[in-house]
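In this note's numbering, the protein residues as written are 11 to 110.
Just so you know, the hints here were simulated from the structure itself, not pulled from any lab data. Treat the hints loosely; a few may be bogus.
[Claimed, not checked] Taking lysine to any residue and the SDA-like style, the derived pairs with C-alpha atoms no more than 25 Å apart in a straight line are:
hint : residue 1 : residue 2
1    : 51        : 65
2    : 52        : 87
3    : 51        : 85
4    : 51        : 37
5    : 52        : 85
6    : 52        : 86
7    : 51        : 86
8    : 52        : 70
9    : 51        : 68
10   : 51        : 62
11   : 51        : 109
12   : 52        : 82
13   : 52        : 98
14   : 52        : 79
15   : 52        : 27
16   : 52        : 23
Please read all numbers here as calculations on a predicted model, not as lab measurements.
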Amino acid sequence: MSAQPSPACMTPSTEQERVFQWINELAHPESRETALLELSKKRETVTDLAPMLWHSFGTTAALLQEIINIYPSINPATLTAHQSNRVCSALSLLQCVASH
């Protein structure tokens, strides 16, 4: 069972710390998937997410790596739903940065 507080009872500083933690987790392939999913969910509610992503070391490279990694699955079409969801999360975060 996780000791994480529920989102409803998180203070703004606790939520910001969690966002920073997810951004740091993007640098590590073993924790990247969860971080991608959680940050993608927060992209509409965290107003400074785009600059936070842009100015964090290695984040843009990690997002691009996610996109590049699925290219072998595009032709021939062997892309799984799991791979699709993962790359869609990466693309949504890049779109967040690009539209800022």
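(message) Next pair to validate is residue 51 with residue 65; report whether the Cα-Cα distance is within 25 Å.
(response) Judged against 25 Å, a Cα distance of about 20 Å means the pair holds.
(request) Could you grab the alpha-carbon distance between residue 52 and residue 27 and see if it respects the 25 Å cut-off? (result) Between residue 52 and residue 27 the Cα gap is close to 13 Å, so the pair holds against 25 Å.
(request) Mind checking the alpha carbons of residue 52 and residue 87 for me, to see if they're no more than 25 Å apart? (result) Cα-Cα ~30 Å, so violated.
(request) Please work out if residue 52 and residue 85 have their alpha carbons no farther apart than 25 Å. (result) The hint is violated at about 32 Å.
(message) Against the 25 Å threshold, does the CA-CA distance of residue 52 and residue 70 hold or violate the hint?
(response) Given pair residue 52, residue 70 holds - Cα atoms ~17 Å apart, limit 25 Å.
(request) Please work out if residue 51 and residue 68 have their alpha carbons no farther apart than 25 Å. (result) holds, 21 Å
(message) Need the status of pair residue 51, residue 85: alpha-carbon distance at most 25 Å?
(response) Roughly 29 Å separates the two Cα atoms, so the pair is violated.
(request) Please work out if residue 52 and residue 98 have their alpha carbons no farther apart than 25 Å. (result) This hinted pair holds, its Cα atoms lying about 14 Å apart.
(request) Please work out if residue 51 and residue 37 have their alpha carbons no farther apart than 25 Å. (result) holds, 18 Å
(request) Would you check the hint for residue 51 and residue 62, treating anything up to 25 Å between C-alpha atoms as holding? (result) Roughly 15 Å between the alpha carbons, so the hint for residue 51 and residue 62 holds.
(message) Would the hint linking residue 52 and residue 86 be met if the CA-CA limit is 25 Å?
(response) violated, 33 Å
(request) Would you check the hint for residue 51 and residue 109, treating anything up to 25 Å between C-alpha atoms as holding? (result) Roughly 16 Å separates the two Cα atoms, so the pair holds.
When each numbered hint is compared with the structure, violations occur for hints 2, 3, 5, 6, 7 and 12.
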